[in-house]
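Enquirer: Chain by chain, the residues run as shown.
Protein chains: 2
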Amino acid sequence: MNHIISVLVENKAGVLAKISGLFSRRGFNIESLAVGPTENKKISRITILVNAEKQGIEQVIKQLYKLINVLKIQELDPSNIVERELVLVKVSTNAKNRAEILEVVNIFRANIVDVAKKSLLIEITGTTSKIKAFTDLLDTYGIIEIIRTGKIACSRGNKKD
Amino acid sequence: MNHIISVLVENKAGVLAKISGLFSRRGFNIESLAVGPTENKKISRITILVNAEKQGIEQVIKQLYKLINVLKIQELDPSNIVERELVLVKVSTNAKNRAEILEVVNIFRANIVDVAKKSLLIEITGTTSKIKAFTDLLDTYGIIEIIRTGKIACSRGNKKD
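Going down the list, the sequences are from chains A and B. Letter by letter, the first sequence follows residues 17 to 177 of this note's numbering. Letter by letter, the second sequence follows residues 17 to 177 of this note's numbering.
Among the hints, a few may not be true.
No copy is singled out in the list; a pair is fine if it fits within one copy or between any two copies.
Simulated pairs of lysine-lysine, DSSO-like, Cα-Cα distance not exceeding 30 Å [what the hints assert, rightly or not]:
1. K70 / K148
2. K57 / K82
3. K28 / K78
4. K28 / K88
5. K70 / K112
6. K34 / K57
7. K146 / K57
8. K34 / K78
9. K148 / K82
10. K82 / K28
Simulated from the structure, these hints should not be mistaken for laboratory data.
Go ahead and model the full structure; you've got the sequences and the hints to work with.
Expert: Spelled out as structure tokens, the structure:
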């Protein structure tokens, strides 16, 4: 089962290595991970998507709390979050199929961010399933490169956390 | 100086811990990092934004090549890339200022992804400077939470990499 864990940490060298080490020692493979600064520059947020049993995750969360640079840990409830991912897709094109691809881009409300003779670079945000549908469609034209940010998520409503 | 390093790795437990450990042992603080799957499910891409001297980065890249699960490393040339980041911003609102905030959202081509009584959740993608301008503006209304993916980047044109 997939779990989304959001961890607030002090923005210091080595914190990420400690946290990712904790997962790997238990044999958990991190599906995606995103680290970025928060509203406070001294604090970073790490969003981790990991596939594991509930029990294993609970153990890892307990151990995360023991790390001194970890400030807060939250397992997000999939039924009450907005989840998003950003993906850049470079797809090969020619004069013939460009219009077709542009149509797909419009339907998915994606954006063209770069155009070259034989390729288009497209930006899309959304849930994992939307992005899968989009890349599956583009795959028929030939995907040159996919670059994903990994998932981030935020609880709905006004809970201050 | 900021460097953007794109690393292709085998999608195995422990690879991220090794790589982030390599940076932290040299005292480099990773500003942002994004890990996600690529077009090949066995391979993940890690995009790292790190602030360091050119010499130090060259040393780290050499050491990265020595890790067995690392397949390819690329330092991206800032003058020839498209860089993007996705940010979710939860901002506090009231009946009075909601219209004002919606105006800002439209100007920046951001999207509202959730509405609650006292807050709005906004999704925005763009370069770091665009996102800074946007969050600075929203700060006057009261930002409850910011969640960032970290930067990803793709070279322009049709170079197959």
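Enquirer: Each hint needs a verdict: does it hold in this structure or not?
Expert: Against the structure, the hints come out as follows:
no., hint, verdict
1, K70 / K148, "within (26 Å within a copy, 37 Å between copies)"
2, K57 / K82, "within (23 Å within a copy, 33 Å between copies)"
3, K28 / K78, "both (21 Å within a copy, 23 Å between copies)"
4, K28 / K88, "both (15 Å within a copy, 27 Å between copies)"
5, K70 / K112, "neither (50 Å within a copy, 44 Å between copies)"
6, K34 / K57, "both (20 Å within a copy, 25 Å between copies)"
7, K146 / K57, "between (32 Å within a copy, 18 Å between copies)"
8, K34 / K78, "both (14 Å within a copy, 22 Å between copies)"
9, K148 / K82, "neither (37 Å within a copy, 33 Å between copies)"
10, K82 / K28, "both (16 Å within a copy, 25 Å between copies)"
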